[in-house]
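If you're matching them up, the sequences are chains P and R in order.
Numbered per full-length UniProt numbering, the first sequence spans residues 1 to 285.
Numbered per full-length UniProt numbering, the second sequence spans residues 1 to 335.
Read the hints as simulated data drawn from the structure, not as lab findings.
In this text, all values refer to a predicted model and were calculated from it rather than measured experimentally.
Among the clues, some could well be false.
In silico BS3-like cross-links for lysine-lysine, where the CA-CA straight-line distance does not exceed 30 angstroms [as the list claims (entries may be wrong)]:
{"id": "1", "chain 1": "P", "residue 1": "Lys-68", "chain 2": "R", "residue 2": "Lys-330"}
{"id": "2", "chain 1": "R", "residue 1": "Lys-185", "chain 2": "P", "residue 2": "Lys-68"}
{"id": "3", "chain 1": "R", "residue 1": "Lys-132", "chain 2": "P", "residue 2": "Lys-142"}
{"id": "4", "chain 1": "R", "residue 1": "Lys-185", "chain 2": "P", "residue 2": "Lys-142"}
{"id": "5", "chain 1": "P", "residue 1": "Lys-68", "chain 2": "R", "residue 2": "Lys-320"}
{"id": "6", "chain 1": "R", "residue 1": "Lys-231", "chain 2": "P", "residue 2": "Lys-142"}
{"id": "7", "chain 1": "R", "residue 1": "Lys-71", "chain 2": "R", "residue 2": "Lys-315"}
{"id": "8", "chain 1": "R", "residue 1": "Lys-71", "chain 2": "P", "residue 2": "Lys-45"}
{"id": "9", "chain 1": "R", "residue 1": "Lys-330", "chain 2": "P", "residue 2": "Lys-142"}
{"id": "10", "chain 1": "R", "residue 1": "Lys-320", "chain 2": "P", "residue 2": "Lys-45"}
{"id": "11", "chain 1": "R", "residue 1": "Lys-315", "chain 2": "P", "residue 2": "Lys-45"}
{"id": "12", "chain 1": "R", "residue 1": "Lys-71", "chain 2": "R", "residue 2": "Lys-281"}
{"id": "13", "chain 1": "R", "residue 1": "Lys-330", "chain 2": "P", "residue 2": "Lys-45"}
{"id": "14", "chain 1": "R", "residue 1": "Lys-330", "chain 2": "R", "residue 2": "Lys-306"}
{"id": "15", "chain 1": "R", "residue 1": "Lys-128", "chain 2": "P", "residue 2": "Lys-142"}
{"id": "16", "chain 1": "R", "residue 1": "Lys-71", "chain 2": "P", "residue 2": "Lys-68"}
As a plain string of letters, each chain reads:
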Amino acid sequence: MSAVAAFFNPTRQTRVLPGFGLSIGYTLVYLSLLVLIPLSAVFLKSAELSLAQFWDVVTAPRVVASYKLSFGASLLAAAINAVFGLALAWALVRYRFPGKKLIDALVDLPFALPTAVAGIALTALYAGNGWVGSLLEPLGIKVAFTPLGVLVALVFIGVPFVVRTVQPILEDLETELEEAAASLGAHRWTTFRRVILPILTPALLTGFALAFARAVGEYGSVIFIAGNMPMVSEITPLMIITKLEQYDYVGATAIAVVMLVLSFVLLLVINLLQAWSAKATGRNR
Amino acid sequence: MNTRSLTLRSLLAAAIASLSFGAAAQSTLLNASYDVSRELYKDVNPAFGAAWKAKTGKDVTVNQSHGGSSKQAMSVAAGLEADVVTMNQSTDIDILVERGGLVAADWRDRYPHQATPYTTTSVFLVRKGNPKNIKDWADLARPGLGVIVPNPKTSGNGRYTWLAAWGSVKAQGGSDADAQAFVSKVFANVPVLDGGGRGATTTFTQRDVGDVLVTFENEAALIARELGADKFEVVYPSISIDASAPVAVVESVAAKRGTAAEARAYLDFLFSEDGQRIIAKHYFRPRSEKVLAEFADRFPPIKTFKVEELLGPWKEVHPKHFADGGLYDKTVVNR
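So that you can see chain R by itself, here it is in the shape it has in the complex (with noise of 0.2 angstroms):
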């Protein structure tokens, strides 16, 4: 009996110790990134623990959760532990300095572009053919067209799409009222606000609902080349919105956790060339001027303005723009 139950309990020993050498030996990290990125992910994982092994010999998982941005952002803010996070805007980022430190507060300057391995801009997407001759801003507000777009409250490819029409008033120089004037007429085009990017796309592809869906270049490249490309196709407005994806260490987490040289290694894998290359092949704009080169056909030129040059920094844009009461609200509820 005594014997018996000390083998049992010798077993369990052993079978707790080779466990937690198992965890020692693969060390995992959490990614929380936004919606659309899903895809990238998918691929750069792996690449990146294959790059980890054979420079360290050791093994690396990376986790992924996806989600809106902001939501992501709050739930990282409320415990979720996540090493790295992988937003679309540098407004999800910033909460995190500001609800406890868990991001450093100058985690701009701790990787090349403010942070920012890729970037992409808002562009339309219209049916083959281009049947309404939508060529740029001005034609979305013509009467009778239907606008998609996602929900600006709601997620951040809208935010970008209001700014970007926002912007594109501005950058000819018209005043803050031209703008808005503008925009109204846009928005008042705009027949169904769903929740999030992938939502708009559902709503205009599957759906066939609108004359043109404004999106990112990523999310419309990706329809019009692999989805539908005898059913869609995309235009490339004369000026657009410089959407940069910000990634960030989240520092208390990765230093409770151990995994602080795995997660600095990921986010510089992510500017290495094989990250940019990995980046290119799903639509995002590379900030490597090799890879941009290697992959010229899928990136024609666009001129595009920064939100912080044209509009003022994000700090004063946001709630500006999409505060209860800001001037989006006070566009859509007059209109």
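Chain P on its own, in the form it takes in the complex (with noise of 0.2 angstroms):
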């Protein structure tokens, strides 16, 4: 109750930093305005769904094969980013080397181009005649027009996330700490296992999180690479579309509404873990 008093107003608490009630005033209508109002219309479109239609939309079988690889491939790809994205800002942070400032600047091109523009050139390079198409395709190995291409246009417009989130904390983070390991006897592999990665953990999972949301959304560049071929590589924002093409706005949002509650239910946990791990390093974010 007296938080709940507090929270309304503000004043009868002093406050070192001036500006509360503007500051969460602002958040709250800039968050509704932007995020929540348009997210309830999502929901209460679909409710104009029975609740059996409802389910007959969002389980339809390509739908569900398409949520497998809307996901599984955002998993994946977030995951290969936050190991590859670990490498590259350890090798930005911690090396000096020729065109370093350009390789860091390269990092942020996924985040400026247009999706579609990366998903057109990444079908010219993976398909069968492309620069590496042309090489995997005798491996027997195809990539564009499989689910394997929609995984490498993730990847793509993921790398930036990881890069971006872990980049500071490396840079913040003391040698010292290192020196210290190693004076004790630590091997280098255990320094970074024992040492620096609990510090990395909390900001990988930050830009993990953010990696896999864009890429469950992502449409544009993941359209041309895919081939769309029922049940084997249509991805749920396509499915999402077709229902549009249809003027069935509200099976539309009725997919939309379970990936919405899938996503927010994964970014949930991930920020969960995220949490926990903040603690358990003694790091309080």
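With the hints as a guide, bring the two chains together.
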């Protein structure tokens, strides 16, 4: 009760920083206008269906196959990015080499590039007659127009998230910690595993979550490389577009609701993991 | 101080007056159209502008908005202020009648040929020399062939391809079951489903995927004659579908913007001889017999069927084949 009162009447409590009322008010209005109201419209629209109809729409075999691909490939892509994004951030922070500034700038390109351009470029590269595709095809590996192509596109768009979240933490990391570990007899691998990695884990998880969230909603780049075969390489956003093409707004929002709920639950789990790991390492972020 | 602000104010007023005057003399139209008509209207618009100027002495600029046919219809339904819509299937204009009467219910009767200034049909594009010897629809069902078609769920071109294959069986007296058996064999040969006609063209021509591309005649002819005369050739099947492109004035928008006269004249221009000639230049089959004769070498005679005549009214055909759980879904999910 008193917490609620304090929330609505913050002046009663003296704070060190001014502007609590203003900033929380701004936050609520901003989030409502941009996030909450549009999202609740999605839920309201989907409520035009009866529960049985809703269930039929969201559990149709094609739609279920698309969840598996969208969420599976997104999680896998985020995991790949967590590993290689960490390596990239490590190289950029810890070593000095020519062209470092250039590589640093390159990392952000997937943010800026229109995703359709990325999709077309990746497809051209990985198709059977492309530079990379022509090398892989004789080995029996087909990338473009298969679920593997979807993964490639999702890895591409997710790269910056992990690098950019891990990089500042790595930069702040005192080398004294590693020196202390080394002087106490830890091997380099042990130092990495027991000293550095625990400190980076919360940032890595944040990067993972961001890359995952971005990948689940991605449409533009994937659509070119996926091949879009029913039951095989259709992503969930395509199922939504397909419904819209039939002027089936309600069906489209029903699938969107499932995507939102699934994404929300997964992001919540990742955030809990992050909070837990932050606590475990004594960093209260 | 006072005089200065006064001059400032009068200057501002003059500026505003001249702006609104400029807007009155120069009217604009927005044409919401489908994807591959981009090049066609790029030529039509200035020609119409010149014709309108010659007739009325007024300037008119036509702006274009392109996208998937159904997506464009949705945008207009949602409030995109297009004065005219030029689509590739009539269901995309019908939806504008249903959604708040943006288009007159009798739009088909307002212009000749059911308000379709041109038509095209689904044909085959094969690699030079036709190495797989693809002659007719039946060949597409051969096992091991790669058939590239746009996605019927997201593209009008893809829907026409599906219905053309279906109709090729029905036209020979086959039953619905025969037709379904045939198209499921054809679609079992499809390795990639691109979102639209252009995407399928890129997959076939640039990525070297597949042995045959089924697409609209204008798209196939453009590639075979202008982009890759040494790499591709067009094959005309024994029968195909009549894909007429419907046009309509968005009455509510034109009335609101005061552009009804220009909008009507714009669509009239499409049916005029000059308009028809531009249409033929872009490999769309013109309605005018005279212009068709002028460009006879571009348009070999082909037997076509109309969806309404062979398969039933669009209102029934569309949901039966393409709605969720419809014939197309059943075929591709169980393949």
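These are the hints, each one checked on the structure:
1. The hinted pair formed by P:Lys-68 and R:Lys-330 meets the criterion: a straight-line CA distance of about 20 angstroms does not exceed 30 angstroms.
2. The hinted pair formed by R:Lys-185 and P:Lys-68 meets the criterion: a straight-line CA distance of about 27 angstroms does not exceed 30 angstroms.
3. At roughly 23 angstroms between alpha-carbon atoms, R:Lys-132 and P:Lys-142 fall within 30 angstroms of each other, so this suggested pair holds.
4. For the hint pairing R:Lys-185 with P:Lys-142, the CA-to-CA distance comes to about 23 angstroms; that is within 30 angstroms, so the pair holds.
5. As the CA atoms of P:Lys-68 and R:Lys-320 are separated by approximately 28 angstroms, the hinted pair is consistent with the 30 angstroms bound.
6. Using a Cα cut-off of 30 angstroms, the hinted pair R:Lys-231 and P:Lys-142 holds, with the two alpha carbons roughly 25 angstroms apart.
7. For the suggested pair R:Lys-71 and R:Lys-315, the alpha carbons sit about 18 angstroms apart, so the restraint of at most 30 angstroms is met.
8. Distance restraint check for R:Lys-71 and P:Lys-45: the Cα-Cα separation of roughly 19 angstroms lies within the 30 angstroms cut-off, and the hinted pair is therefore satisfied.
9. Restraint check for R:Lys-330 and P:Lys-142: the C-alpha separation of about 27 angstroms stays at or below 30 angstroms, so the hint holds.
10. For the given pair, R:Lys-320 sits about 25 angstroms from P:Lys-45 by alpha-carbon distance, which is consistent with the 30 angstroms threshold.
11. Straight-line distance between C-alpha atoms of R:Lys-315 and P:Lys-45 comes to about 25 angstroms, which keeps the hinted pair within the 30 angstroms bound.
12. Between R:Lys-71 and R:Lys-281 the CA atoms are separated by roughly 27 angstroms; this keeps the pair inside 30 angstroms, and the hint holds.
13. At roughly 27 angstroms between alpha-carbon atoms, R:Lys-330 and P:Lys-45 fall within 30 angstroms of each other, so this suggested pair holds.
14. Restraint check: the Cα-Cα separation between R:Lys-330 and R:Lys-306 comes to about 24 angstroms, which is no more than 30 angstroms; the hinted pair holds.
15. The straight-line distance between the Cα atoms of R:Lys-128 and P:Lys-142 is roughly 26 angstroms, inside the 30 angstroms bound, and the hint therefore holds.
16. Distance check on the hinted pair: R:Lys-71 and P:Lys-68 sit about 27 angstroms apart at the alpha-carbon level, within 30 angstroms; holds.
Comparing the model with each earlier hint shows no violations; every hint is respected.
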